[in-house]
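On the provided structure of chain U, position chains X, Y and B as indicated by the hints.
If you want the building blocks of each chain, they are given just below.
There are 4 protein chains.
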Amino acid sequence: MKNINYSLSGLGGIAKTHLVGLRNLEMLELGLDFKVNFSTLATTHPEEKKELAREIGFDQVAANFDKLLAADVDLVDLCTPNFIHAEEILKAAAANKDIYCEKPLALNLAEAEEIMNKIEGKSLKNQIAFVYRFAPAVAQAHALLKNKVIGEVQFAKVEYYHSRYLNPELPISWRLEKESSGGGALVDLGSHMIDLSRFLLDEVESLSAWTKTFVEKRKTAAGNSKKVDVDDWAMLMLNFDSGAKGTLEASRVSPGNEGFRFHIFGDRGAIQIDSDQIDKVQLFDQTPKEIEVSKEMLAGDQFLNRLLELNSGSKLSQGMMVDLHLLSLIFFFESITEGKANPGVPTFEDGYQTQKIMDYAYQSAAEDGKKIEIK
Amino acid sequence: MKNINYSLSGLGGIAKTHLVGLRNLEMLELGLDFKVNFSTLATTHPEEKKELAREIGFDQVAANFDKLLAADVDLVDLCTPNFIHAEEILKAAAANKDIYCEKPLALNLAEAEEIMNKIEGKSLKNQIAFVYRFAPAVAQAHALLKNKVIGEVQFAKVEYYHSRYLNPELPISWRLEKESSGGGALVDLGSHMIDLSRFLLDEVESLSAWTKTFVEKRKTAAGNSKKVDVDDWAMLMLNFDSGAKGTLEASRVSPGNEGFRFHIFGDRGAIQIDSDQIDKVQLFDQTPKEIEVSKEMLAGDQFLNRLLELNSGSKLSQGMMVDLHLLSLIFFFESITEGKANPGVPTFEDGYQTQKIMDYAYQSAAEDGKKIEIK
Amino acid sequence: MKNINYSLSGLGGIAKTHLVGLRNLEMLELGLDFKVNFSTLATTHPEEKKELAREIGFDQVAANFDKLLAADVDLVDLCTPNFIHAEEILKAAAANKDIYCEKPLALNLAEAEEIMNKIEGKSLKNQIAFVYRFAPAVAQAHALLKNKVIGEVQFAKVEYYHSRYLNPELPISWRLEKESSGGGALVDLGSHMIDLSRFLLDEVESLSAWTKTFVEKRKTAAGNSKKVDVDDWAMLMLNFDSGAKGTLEASRVSPGNEGFRFHIFGDRGAIQIDSDQIDKVQLFDQTPKEIEVSKEMLAGDQFLNRLLELNSGSKLSQGMMVDLHLLSLIFFFESITEGKANPGVPTFEDGYQTQKIMDYAYQSAAEDGKKIEIK
Amino acid sequence: MKNINYSLSGLGGIAKTHLVGLRNLEMLELGLDFKVNFSTLATTHPEEKKELAREIGFDQVAANFDKLLAADVDLVDLCTPNFIHAEEILKAAAANKDIYCEKPLALNLAEAEEIMNKIEGKSLKNQIAFVYRFAPAVAQAHALLKNKVIGEVQFAKVEYYHSRYLNPELPISWRLEKESSGGGALVDLGSHMIDLSRFLLDEVESLSAWTKTFVEKRKTAAGNSKKVDVDDWAMLMLNFDSGAKGTLEASRVSPGNEGFRFHIFGDRGAIQIDSDQIDKVQLFDQTPKEIEVSKEMLAGDQFLNRLLELNSGSKLSQGMMVDLHLLSLIFFFESITEGKANPGVPTFEDGYQTQKIMDYAYQSAAEDGKKIEIK
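Residue numbers (my numbering), protein chains in the order written: chain U, 14 to 388; chain X, 14 to 388; chain Y, 14 to 388; chain B, 14 to 388.
Next up, chain U with everything else stripped away, as it sits in the complex (with noise of 0.2 Å):
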């Protein structure tokens, strides 16, 4: 039984639905051979939230993220906002800790190439959380896809939809400026979207992008009026190495349909996911019906076997967001106790390549959907 000595940058809503999760880890009884230690904590208010890390179990506040890693810690989480992303990395880095990071990477694509050039060559473990790779539904349609059940794969429709944003109300956070989240809802949505594509298509050869910032003004947070930098809503057309075409749009403006969705087309059948029934991928045939998925349509996929494991383990769910962030953590500590992490697990470079596709997008954008050669 390994211990896992766990530390943690930030305390805001990602981190604690982190924590949740890893607090029940014990009570899922899922077998796993590795224990973890809530070791240490940092945050920009220690004295604050002081208490409340005690009664999570973490065993010390660390005041900045240097102390942080200086501390007997093996593994950094990552729970910043985006624009603090490439600093802790690239420290975590010279520190050769393993490393966990929420989305995106960077912010940008010069500060994704820098983290891993500095990466590069190290054996430290790293993965970043596009966690809805984990998502039942979402493993079972790669399996499905790897082993051609649907033919060869013609066009793919993508969406994330969000309203919240419509709100013209919604005052400008940091979400809202571009030097410090990098992006609107192609970076907060669309990166997942990107990720997956990348996940269950191919890669991604050329592309051409919209973007729109539909509430042009917004009110800061002293009150005043301020020009929003970011974009509401993103729509990609991409063109994967495989000839398979793909509209890929991320929204944060969109009443009425709150979720993803993927519709893949491929020339002997169908397949869907929704984010609303996100335990079962939808299989059509060419007759044209939906019919089940059978064990054999799934075999040899090494990622879905994995998690069918873990799943199959508990009944016990805490909800869609905190299942998927537990999975993606597990995935990491066995990478880490393993030596080798599972083929299915984002890793930074899987986090490169989208933010490659979403600086090329936001040119491509800029100059009203040009058509771009991803290098």
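Remember, identical chains collapse to one label, so a pair may be satisfied in a single copy or spanning two.
Derived BS3-like pairs (lysine-lysine); straight-line CA-CA distance at most 30 Å:
id, residue 1, residue 2
1, Lys328, Lys48
2, Lys388, Lys191
3, Lys232, Lys302
4, Lys308, Lys232
5, Lys302, Lys239
6, Lys328, Lys232
7, Lys131, Lys191
8, Lys302, Lys240
9, Lys15, Lys62
10, Lys302, Lys191
11, Lys308, Lys293
12, Lys293, Lys328
13, Lys328, Lys240
Read the hints as simulated data drawn from the structure, not as lab findings.
Quick look at chains X, Y and B alone, frame taken from chain U:
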């Protein structure tokens, strides 16, 4: 009470859809100021169809279209295959008959231009069967958009899905040959969506397009395998004059979501049209909730107003498709009796504009999505 | 080719629903061996309706039902209000005409018994317009249940919801007065569900019932407030001969779920019928998944077989209600031309049994749900 | 800040559902005025569970319930199988501990009465885990109904469907034996629905009931075939004091519609609750449209108000079931710290009334639906 001498060319499925509604027009007691006489039917099998034509109520059967034009008819209703449209329109125009034509207007832009030149300056009434304009949800959306109820439109996502051509056993017919159909899914289904996009949103300034043929070879009636030269699937990326963006997808190979849908996103709300709930548009505000459509929001739309009058006149429905075709024909008859068409009616000009967009889309697709300005 | 001289009594909404289908019967090219002549229409407003009757194709208009019977007609189609059914059936039977009657058969059990006595021993064909039997999903369910595909039925939940009478401004009409309608929601909607329950499941051995009048007073046409003496809502608790249980709800005051539904639970699976998807029954097994209905599961059902032949004969639909009424009438005409009815056809015997259950249900409801054996 | 010494009896699935929420209570930062100490766990496998109990945070493990009561605990949380509830409640009451008990209260009415006698006059706080009261849609419905937003309730249709027991291979467990469970679907699922019916509507005046055992024999763990003596399905026909009627169905053998639903029909509108959309009640008026629930419609409900405060306190959800159990426990803890329970809290009195209805329902079912007055 004006008598309208109605003539029909063709007696296939779509012709019968026109006829079942027309034959029951009196029973609806709509208070119309015209009466439809079933004068002449032109069919390629005059002897075989003679008895049926008599049962339907036609005074006579003509062995060809020239003989039909020679009869005492006020108008022609063209329900022949696509490759015959232009020829018959040109003849009917030469004979100064009012013309109602099934979509598409012609096989290609060249034919469509010839038609427009021929009818220019003539006072003959013309209408193309883009019947979905007459669906209540569409006409309601038209009024809502004209009244800027959702602010400025930023993006529209349009899709029309059939699944029938997924079946690889479906044999080659005229709809699957470019020289007789003009194209595949884009012409068959996409033409309706292009017309509605122009009707609801704006003119198209430029576009890119992709097409795919999912089933590349099919059997002919004689049993030989033949390469398919039309699209099973088409995706258009549209830039509207207003600055709005749009994607428009037409597919005959999409299992699972038969029908068409518009999702129109404005900066103050959103509108959805779903062919499964065609009686009622869905409207969302920024809160973001679905809200009731009020009379004020719909006010001032001459097309919707006449449609509402007609729809309130009878409880008797013969199903969506028969009802839509009948409404479209009534508007055409009224354009004859009143001397001018209701502004919402789709004329040959609309057929021509749609043809132009389809032709340019096929050009773009041939160059893998090259952006083309619409002249 | 037999000529059938068709006559019709009444020209309200339901009569027109019969007529729109009948008038287009030839166009469906179903290969039928009879022809329908529109002989005589009886209406209470013969002068006013003369022109419309001529347009529809009737040879003549009769000023009353006796005159209709005196004409050269083979059958009568009764589309008069409920309180006239018995009188016209008795007259038609005395004149030895075949009779097709809208539901319900009569105002009450006494009338229904008189009818059954009168036609006993006569060879005249009779049918009642329980048209939902002719819906594909219903006929499929009939075959599945006969073939015991879901084992022994344990429980069935049946509901038919309308919402229109929720509106307290809806004035009193004959449907809202017991002496002219025979009852409220139970008679109007429930009669269909009782018939389908008998058709699909078994005879009823005993029952309890509740009724409610949600809107207790309504305005008359003259503007006076009057107490409503029929039910807006009825719930029957049914014990079938087989030992199965059932609840059967009919409501004209239920917002939100218009239409009817059967949920039939057997010890080896379940069957659902939903009027929103009337073309296809839903079948569930014990796994418990929805499964495909195979041809073998449906085999051997003479009623379904004829229905499938007729439905495959044409692509032309005039909407669910017109299609169902037309199919029902075709089966009736075929019972005349063939000398005997298809076993699945609803005859006056079925109308009588339904009437009996309704009468007993009203008795039970008057005693707050007292259990009553059906004799 | 009050410290609450929490103890737990049982460590099965439902116990863990309590614990995962409780362990993360601090992280929600709800501003509560109490702190939960994990004092003592009683389990039948103390040695085996010792390590896990420590991980969870319990100070100690007790080998039996008596030892638990002897420890310094303020309350007991009973998560043992049904047949142990009464025994442990009686002991805890004797020890003057506050008691939180999973449903049902007891195996039968006799046990429930003994419990009520025992706690009568004692000031100990007691609550039963009818957790669906804490679902937002339910609490909203409670306020709407109290405020007569849909007028007088005429009829309510209640159903709770599971499908798992359809599988004939599912072996006999304590839930499938009357002497250890007290009953089948009615006890397991129906008890929740009975409680909500009383909470939302009114007390039950009389009832009839049916039950069915779909799978009559099942295998024991040892592999022998054994007759099942509990119901797979139960249907109650309810007469409420108010004059409203209701049907209440509980099934563990219903494929296709997992979850529970309330359809409540009033004379001025309707309310729907659907466990698939548990955050929001659906409200319909007489027009009949779905309408927005306003703050005014919900005003004045002390239970809803406290629930809204707690729900607005955190974005962190752990899934519906964990959230509901945690809210229920918070209300229980607050009844201890505040000295009295919120009026909407389900107490043992509610457990007792539900038990009475279940017992009478089984009596009625044994006499094939005989109507029984509730005394």
